[in-house]
Structures are given as structure tokens and as C-alpha cells.
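Here the protein sequences line up with chains D and A, keeping their order. Counting in our numbering, the first sequence runs from 1 upward without gaps. Counting in our numbering, the second sequence runs from 715 upward without gaps.
Be aware that a few hints might be false.
[As the list claims (entries may be wrong)] Calculated Cβ distances over 12 Å to all of chain A for the following chain D residues:
| no. | residue |
| --- | --- |
| 1 | H359 |
| 2 | P411 |
| 3 | I554 |
| 4 | Q595 |
| 5 | R604 |
| 6 | N656 |
| 7 | K682 |
[Unchecked claim] Which stretches of chain D does chain A cover? Using the computed rule of at least three CB atoms under 8 Å from a CB of chain A, they are:
| no. | region |
| --- | --- |
| 8 | 249 to 260 |
| 9 | 568 to 578 |
[Unchecked claim] Okay, the calculated beta carbon distance ranges per label pair:
| no. | chain 1 | residue 1 | chain 2 | residue 2 | range |
| --- | --- | --- | --- | --- | --- |
| 10 | D | H152 | A | Q806 | 17 to 23 Å |
| 11 | A | S742 | D | H662 | 32 to 38 Å |
| 12 | D | S700 | A | S742 | 34 to 40 Å |
| 13 | D | M79 | A | S742 | 30 to 36 Å |
| 14 | A | T735 | D | F522 | 56 to 62 Å |
| 15 | D | T641 | A | Q806 | 49 to 55 Å |
| 16 | D | T331 | A | S742 | 30 to 36 Å |
| 17 | A | S742 | D | A710 | 47 to 53 Å |
| 18 | A | S742 | D | M473 | 27 to 33 Å |
| 19 | A | D734 | D | T250 | 31 to 37 Å |
Just so you know, the hints here were simulated from the structure itself, not pulled from any lab data. Glycine is no exception: its CB is placed at the ideal position from the N, C-alpha and C atoms.
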Amino acid sequence: MSRLLYDGQPIEFADGDTVALAAIRNGQHPARGGTLCLAGDCGNCIATVDGTSWIRTCQTPARPGAIVGRHPDGTNPSMLGPDTMTAIEVRRHALDVVVVGGGSSGTAAAAEQRAAGHHVTVFDAGEGNEVVGTFAGPSLIVRTATGIDHVHAHHIVLATGQAELHPVCAGNMLRGIFTARAAAAVANAGIDLGVTVTVGADVLRFVGDGNVTAVVLQGGTRHECDAVIVDAGGAPRDLLARMAPNVPITIVGTAAAAHDLPPAPTAGVVCPCSKVSVEDLEGVWDKGFQELELVKRASLCGTGTCQGSVCGPHLQAWVGSRKGERPLPFTGRPAARQLTMGEAAAGYHIDTFRRTPLHEEHIALGAQLDKFGGWFRPWTYGDPVAEYWAVREGVSIGDVSTLGKMMVSGPDVVEALERIYPNHVHDIKVGRSRYVINLSERGHVLDDGMILREDDTRFVLSFTSGGASTAEMWVRDWIETWGLKVHILDRTVSHGAINVTGPLAGKLLQRLGVAEDAIPKFLQHRHLDVAGVPCHVMRLSFTGESSFELHHQIDRSRELWQALMHEGRSMGIRPHGLQALFGLRLEKGHVIVGQDTEMDSTPRRINMDWAVKLDKPRFIGRDALIRTASLPDERRLFGFTMDGPAPLEGSVIRVNGEVTGHVSSSWDSPMFGHAVLLGWQKHLPHADLVDIDGREARVSPTPFYDREGARARM
Amino acid sequence: MLACEPLIGWRIIADPSALDTAAWPAGSTVVRISPDDVYVIGVAEPTVSDPHAIVTPEHGFNGATLTAAQVADIAMRHIEWQLPSSRPALAQGQIAGVPSKLVLHADGSALLLVATAAHHELVARIGALA
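Sequences and hints are given; from them, build the entire structure.
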């Protein structure tokens, strides 16, 4: 005999015992009570084994040293698994014919299919291959000892047999009640149950206090005993078929046999998993839940770990007795068996978070990285205020590799861009650029970016980091819809970009080999070598200072970054992260699409009518803007100033105590010594003074900083 | 772990007919991503007849050569979709949740392509290969 720990006490077990049999052998119930089937159908033997809860102990071989604990009485166990967990492997297989169930009908079905020339695979829970779900495909999810198999099959044969009916009557949660097959298994294991009585479906009640001591039949006959064996018939194990009603599944053997429902229960626990009694069913019925599916949802009968294997036929009988007709069984849904979180998550991956080519540089500089728009990006390098001042007073570099970058070329490219953008495109000169917004058909702002003209029929487009992932699809869809001849290449992940910004930015470029007269003027762009790295140098400004975006091939990014940092050292260069960048741009009043805009923000609402040229004959969103131009519109984005500290973004804006909007961006400006904000007022009349966090904030024109825009042109 | 190295190449977006008739540099590997999109792995700059073609260096991919057994292993463990049954072929989709391409050769081997920005995720998720 070997030993395992059961509720903290060592118990002995025999070779071949399951954990449940080991408990029974030692006079224990594997859980806390209820009929035992020992066939994996019910949830009455579930316990925590080696740190994992909801384990069917009747299907779990006993192992020396195993630690078994019953679930707490009246509540659920912790969902946390063992301290040490490993990833669950997923394997995918394409198979011909799959037979679920290795009993007599499954063996016969497999032989029949093989004789017909099919390649047959048999999954049998007893052999460690437990099918826990079926899906359209057809697909099977199979739990094994070594992982989860995802099986795509041409045809599925269910030979799962029948589950034995459990008795539902008063006292049916006592210990010492067994189905006939369970009793046989106990006897085969050499376990003596003492005085046993075998009964059918005509049980009136079980008697006992914890353990059963007697059973009373419908006619009043009473039998004193140590254990009761219930042989009340069966019901098909067809849950897997009910999960996928349109999947080509053939059911064979007793799983397909017609069966009678048990008598409608009048007392006792119908659903041992969810502890639903007949009284509970009556309660939800009286509240108006008078269909089987509704009774299930309202009472939770059938939602537990056995998924209706025990209670399903009784619930059908009970509802049928009320309605006068036999209802269909409830819909089956995966999983048919309790899975661990690890098993349920096996093979599932969260979205990929990309790394810019400067990722290692950021880490080396001690950056605090965060996830933005599908990328790891530096939030700060430790001192966002110092990063801010480096931009405002000296020179700084920022990694903007995440910006959307696209090249478009073709004879129809100007026509295509004129239709896509609400601003003029045809008059952008070669070597010049223009800020643009993108609108939806409804005239709502989707994104913003730049257009840069390379030659008569070739442009470079940029998009926000957040909009980059959909930009190509959006541009391509429209151009193909219009039938225009334009080539499109998304270079977002092929090109890196570094923003060199600050009043000394131009000087730094000169130190790195760019001739003074070659440095682009504001909104110009050129192809230049910077520190020997071929770059497309774009002069624009998001920070409000003189700025040069250096777009380049990603395999040169680190070399370029290191050269900038090295040569800029004597100028006090330091890199800036998003935290400083967001504050810098806020002082300039630049919106961040998605943060300062809403799903239905029009250019008018964000004060960007100037970026829309309604005199153009067509562009996406034009019709909607014209339709709505004369309508009153309460919503408007405003700039605000207030004494510090800056309120949280998302803070409520009130006027005379009434909620009128919210703060979309907020920053304690080192330059001004007070907070600057962007926020929405959504009700007329728009107020000049509002209340934010119980403090006064004043509407202020934007930009807050350098209204003339002189610094970006320095 | 999967050895997934940066690749040097060229990207050409052009009229499909120009790509159909192009003569690619000797020794290069040509991946036809779509009718108007070719990725040429190699140093030499390719040329095509379309005057509006976009021909630009492409350094945004990492690649790994896989044996037939490794392809089968990855397909079984990390690909939820059906690989094409014919060879050679190009298969594009998520591998272990990462957008990737498989250039499937006639001999059963393959070239795995993944954006450099995401290759670290793919390598970590695939782990050891058969």
C-alpha cells in the first residue's frame, strides 16, 4: 500500500486506485456528499489535487505523496493553481475520422469506418484523451496529460455511451450512495461497503446524518443499510453533439438510444454542482421563468462542472411535468469538463507588442517603457521635466519610429490624395509638406499626419502611431474603390524615425555633417546623410520647437541615435519620452487624435476647420460636413488654464454645478508655472470660467506657447 | 531557439505585368507577396519597367530557414490555419499570434519571414523547434 495526504491526513491506497477509490477505501467521501458515479459524469467527487482544484478524483490515478483536499464547504476553492505552473502545449491535427469513446460501440464504429477505407483515430477519456469541446469546423478540443490537442476532423463519431441517472429526492446529498457501475468498481477494487441495498428509481428518500443509514422507497418500504446502490437507468452522453448542432457528427451505440426521462423530482438537490434544489426550481418558475433554458439561467441548474450530466434529465422531467410536454435538452456549450485557466488559455496569445529599432538604446538609458498603440515606447527616461527643458532650451531626441509611414506613387496619385484628404494636395511643391487630417465618410476626424511631396507623382504620407495599423487598408480600399492607378507601400515597420528637436537641433545636424544651407526650412524635407546615415529629413514641429524628423532604414537606427547622443553631449542633449512630449505638444495646443477627439469629432468641434477646404469638388467626408455645417453644434474643444496641480485627464468639467464636459489632456507646465488643459464643453452657452475638481479653470486660446509659431521656424 | 536573422533586400511595388516580366538579380530570393508587391532578398537593386514603381530598400524583415520537420512542428503547434497543400507556395497569417509569412519550397523546407519589430515575440513564443 502507498500513501497520499487527504485533507492533511495520510491515507493508504492500493495499486490501480483512483484518488476517489483511495478515499472510499479509507471510509471517506471524495468530496462532501452526493451520489458517486465514478465514471467522470458527475461532479460529486471533485477535489483539489496537488494544488489544482475542480479535479475529478474518480478519473485521477492515486499517486504516492499526492496532496488531496476537499473543496471548502459551501463555497468555491481558490482559482489560483499550483505555485509552479508551466505553459500548456497546444498541438493541431488534421484527421480523417475521429471516434470519441473507446467502448464496445466505439470499437465497432472504428472498425466499420476502417473497413470503409477511412483513417480512424479513437479518443477515449479512459486512455487519457478527454474530448472537452466540439466546434464548427468540425473541430474537437482534446485534453491530454501532455497538453491540449486541437483536432480538425472530416467526420466525428460519438460513441460516448450513457451516464447513469442519479437519484433526486430528499437526502440525496448524503454520503454512501453509489450508482450501479460505481458500486461495481468499488467491489472490483476489493472495498467492502458494508450492508448495501440496491434500489431503482422508486426512492422516496434517503435517511441519515452525514452518512446514509437507510433508504425509504415510494411504497414506504424502509431498508437499513451502510450504502445504497441506485440502478435507475441512464441518459445519453450527448453533450458534445449538442455543442455543435450543424457539425457532421454521427452518434452511435447507447449514446444514440431513445431513453425515458426519470419521474419529475419533488424534493432533493437536482443539481449537485450548483446546489440547486427542487425548491429553487419552483422559486424561479413562480417568478416567470417557465422555459427550460430560462429555468437553467435563473437557477443555475446545469451550469456547474458536470454541465447537466446529472441534472439535465431531471430538469427536463421537472419542466415537462409543468408544461405537459417533454422539452428538448438545453444547449450544450464548451467546455464539457472543468478546465484549468492554463488549459483554457493554451494556444492563445495576446496582441504582439512591437519593439522599435531603438528598444535596446532605451533600455540602456534607463527608460521606463510602456505600451502605446501596439508598441513598447519610452514614457520617460527618469526626469520628464528635464527632458522638457532640453527640448525647450537646448536639444533633445525622441524615438518616433512608431509613426505610420507610407509611400504612394502613380499617375493618379494627386487625384487620389485630393479625394482622401480635406486639404489641398495639388499645390504642395516638391520638397514641401503639409499637415493634414483624415476624415471618415461622416466627416469625423480619424487621424492626422503629414503629406510630403517627393516628385510630381510620388508622395510620402505619415500617420499617427495609433492610426498606422489601419492607414494602409483605409488608403488602399479607397484608391481601389475609385479605380485609380496608385502604388502603395506601408513602411511603418521598415523605417525608423528620430525626432531631433529644440533650438539647437539644426546646430546638431550641422555637427553631424549636414551643411547649413542644406538644412530644410520649416515644412520642407530633403534626403540627406546625417552622421553618414541616409535620412529623409522632415522639418516640422509637434513640440513647438525647431524639429527635424530623421526617417531612415531600421538597420541604421542605433548608429544614428548613438551619433546624435554623442555629438549632442556638449549641447546638453538628453532624450525625451512620451510624458514630456505630450506636455510639449499640449502647450502648443496640438490635439492627439483619439485622446482629445471623440468618435464623432468633426473638424469644427476641434477648431480645425482651417484644415478643410470645402471649395474642393470632392473628398471623403465633404458631403457630411456640408450637410451639417449650418446645424447648431454644442460640442467644442477648448484650451483651459488653471492653477496647479494639473487635474487628472478625464476629470469632469462643470459649469454652475452641472456637468458639461471632461478634461482630455492635462499638464503642469514648467514654462508657465500653472496647468494647461484641453477639454470639452458639450452644452451651450460655452462658459469662460468652469469648475474642475472644485477649482476654477479659465478658457484660454491655444496655442498656449508661442502663438506666432516663430520657434518652430528658428 | 529559432535563429531569426535580419534580412537585407528590396521591396518593389509595381504593375503586376511589370513584376511578371522582371528579371531579378542573380542569386536573390524573390517573394511575391501580392500581385503588385515583391520582396527581393539580396543586395543588388532590382529594376522593373513600370516608371511609377516604388523600388526601395527593405530591411524590415527577419528570416529563418526551416526544415520540413520544423515546418510541420510549427504548423502543428503554432498555426491555427491550414497551410497550402501545394508547393512551392507563399502562406501568410499569424504564427503563434504574430503576423508572419512562410515561403514554402518544393522540397518541404521553408523560409519564415516576420517583421523585425515583432520577431522577438515570435522567437519567444515558438521556443525550441523539433
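query: Lying within 27 to 33 Å: is that true of the beta-carbon distance S742 (chain A) to M473 (chain D)?
result: 29 Å, holds
| field | Outside-interface status for N656 (chain D) - nearest CB in chain A farther than 12 Å | value | Correct as stated: the minimum Cβ-Cβ distance to chain A is 50 Å, above 12 Å.
>> Quick check: does the Cβ-Cβ distance between D734 (chain A) and T250 (chain D) fall within 31 to 37 Å?
In response: With Cβ atoms ~49 Å apart, the hint is violated.
- Task: Go ahead and decide if the range 17 to 23 Å is satisfied by the Cβ distance of H152 (chain D) to Q806 (chain A).
- Result: Holds - the Cβ-Cβ distance for H152 (chain D) and Q806 (chain A), about 20 Å, lies within 17 to 23 Å.
*Confirm or reject the claim that S700 (chain D) and S742 (chain A) have a C-beta distance inside 34 to 40 Å.*
59 Å, violated
Note to self: I want to verify a distance hint. Is the separation of the beta carbons of T331 (chain D) and S742 (chain A) within 30 to 36 Å?
What the structure shows: 56 Å, violated
_Range first: 30 to 36 Å. Now tell me if the beta carbons of M79 (chain D) and S742 (chain A) are that far apart._
Once the Cβ atoms are compared, 54 Å apart, the range 30 to 36 Å for S742 (chain A) and M79 (chain D) is violated.
**Q.** Assessment of proposed distance window 56 to 62 Å (beta carbons of T735 (chain A), F522 (chain D))
**A.** Since the Cβ atoms of T735 (chain A) and F522 (chain D) sit about 44 Å apart, the hinted range of 56 to 62 Å is violated.
Distance restraint evaluation - S742 (chain A), A710 (chain D), Cβ atoms, bounds 47 to 53 Å: 51 Å, holds
Practice item. Evaluate the given range 32 to 38 Å for the C-beta pair formed by S742 (chain A) and H662 (chain D). Key: 55 Å, violated
> Could one say that the CB atoms of T641 (chain D) and Q806 (chain A) fall in the range 49 to 55 Å?
Replying inline: 51 Å, holds
Minimum Cβ distance from Q595 (chain D) to chain A greater than 12 Å, as the annotation requires = 23 Å, holds
Figure legend: structure checked against the earlier numbered hints; hints not met, in rising order: 1, 2, 3, 8, 9, 11, 12, 13, 14, 16, 19.
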